[in-house]
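Protein sequence lines, in the order shown, are assigned to chains A and B.
The opening residue of the first sequence carries number 1 in the working numbering; numbering runs sequentially from there.
The opening residue of the second sequence carries number 1 in the working numbering; numbering runs sequentially from there.
One or more of the hints may lead you astray.
Claimed, not checked - Calculated lysine to any residue pairs in the SDA-like style (CA-CA distance at most 25 angstroms, straight line):
#1 A:Lys116 <-> B:Pro89
#2 A:Lys2 <-> B:Ile44
#3 A:Lys2 <-> A:Glu45
#4 A:Lys8 <-> B:Val5
#5 B:Lys86 <-> B:Glu277
#6 A:Lys2 <-> B:Asp47
#7 A:Lys26 <-> B:Val5
#8 B:Lys52 <-> A:Lys127
#9 B:Lys8 <-> B:Asp47
#10 B:Lys52 <-> A:Asn10
#11 A:Lys2 <-> B:Pro9
#12 B:Lys8 <-> A:Glu15
#13 B:Lys226 <-> B:Asp189
The hints are simulated quantities; they were obtained by calculation from the structure and are not laboratory data.
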Amino acid sequence: MKQLINFKLNGEEVEHYAPLNRTLLKMLREDFDLTGAKEGCGAGECGACTVIMDGVAVNSCLVLAAELDGREVTTIEGLSMDGKLDPLQVAFVNEAALQCGYCTPGMIMTAKVLLKNNPQPSEDEIKEGISGNLCRCTGYKKIIEAIQSAADKYQAENE
Amino acid sequence: MENFVYYKPQTLKECVSLLEEHPDAALLNGGTDLIIQMREGLRIPTDIIDIKNIPDLQGIKVGPDEIFIGGAVTMSQVYDHPELSKLFPYLCDAARSVGSIQIRNRATIAGNLVNASPLADTATPLLCLEAVIHTYGPNGTREIPLNEFFVFVRKTLLEPNEVVTGISFKPDALDKAVFTKLSRRNEVDLSTVCCSVGRKGGEYRIAFGSVAPTPLRLLDVEAYLKDKELTDDVRREAAEIARGTVSPISDVRASKEYRLDMVANILEDALAILQKEG
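Using the sequences plus the hints, can you model the full thing?
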């Protein structure tokens, strides 16, 4: 069964017949070919599917496609503007804050909202902020450094 | 996931009519439990009634006589609320201890209570606050004291066609309280034992989660502590009474014996904090 939904996806208004028994994550990946958000646990514990919905980080594996009507979603694909990477993405590259990359889109989307709400987080605040995102490769150190470095970059841009 | 029909009612009345028409429907609020259960095939609702947009379920009202948390209010809306975080830090601590930021942006306080998990984190501070559950159903509204609301593991007094419209409590219900959560991991974990201990004048209110089929008040311990000075001996005796009052089980998170020890330790520590901070 499908239902017509209207929502904003990465800044663009979208009209879409969404299969009802589908999660937001599956809809993004299969209907829109936005494969940045990943399915890890499928139960809201790993954060690999994190996207920004109406300004807050959510697990897209625990949102129904039908719920999207009238809402706004940003995925990792919507973070770069005109081919220019977001400072967070640049920082993850420069700090080598990824290995297999599976957790990276979710990690960056969580960090994006974290820095919006708290532009200069302490190390502990970053750790708490990304505690819903699991990384099995890096040991988190470089991820935390990348988020700190992006925070400095945003700060410099705003001055 | 199996197929279902999706409804987004705009009023409580519409919502209750839908529930009456569709006996195998499920209410969708934050979805952080329901959608997992649906994905695992544990629940196969024919219809989904998404209540989170109903205007009557929105918002937190801080009045002189009552605090009201709407049925669709999320965990993060609770602890991000400036007045709630100032007046009820222990409630905010409990809300902040649930899941991850992604979960807390969706999960609701009402959902936490309605699910009636024995370890519902926000239940213990609300039990100490003597909170009241407000419902709306075919026969109108009801107010159910939270202390009576939980019946058994995942069973409450909520009728099949009723919706929780909000949770209320008195602003001056407690002078001070402490929330404690013991879990294997500090973040994104379920409680091994959770507890709130509050004081109002010479009276104490004590609630534990994960040590019985439902979150519960320890009335025997409260009666023992009434008007007593919290000396070391009194705290120790209270902890011993608490140990005899609860009925934890052994499960994947901890053994029964460990939980019993922790009930005593957490209570003693929480009373010490209340004593020290006055």
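The hints, checked one at a time:
1. A:Lys116 <-> B:Pro89: holds, 24 angstroms
2. A:Lys2 <-> B:Ile44: holds, 18 angstroms
3. A:Lys2 <-> A:Glu45: Measuring from Cα to Cα gives roughly 28 angstroms; hence the hint is violated.
4. A:Lys8 <-> B:Val5: holds, 23 angstroms
5. B:Lys86 <-> B:Glu277: At roughly 16 angstroms apart (the allowed maximum being 25 angstroms), B:Glu277 and B:Lys86 satisfy the hint.
6. A:Lys2 <-> B:Asp47: holds, 14 angstroms
7. A:Lys26 <-> B:Val5: Roughly 18 angstroms separates the two Cα atoms, so the pair holds.
8. B:Lys52 <-> A:Lys127: violated, 30 angstroms
9. B:Lys8 <-> B:Asp47: holds, 11 angstroms
10. B:Lys52 <-> A:Asn10: Cα-Cα ~23 angstroms, so holds.
11. A:Lys2 <-> B:Pro9: Judged against 25 angstroms, a Cα distance of about 18 angstroms means the pair holds.
12. B:Lys8 <-> A:Glu15: Holds - the C-alpha atoms of A:Glu15 and B:Lys8 are around 18 angstroms apart, at most 25 angstroms.
13. B:Lys226 <-> B:Asp189: violated, 34 angstroms
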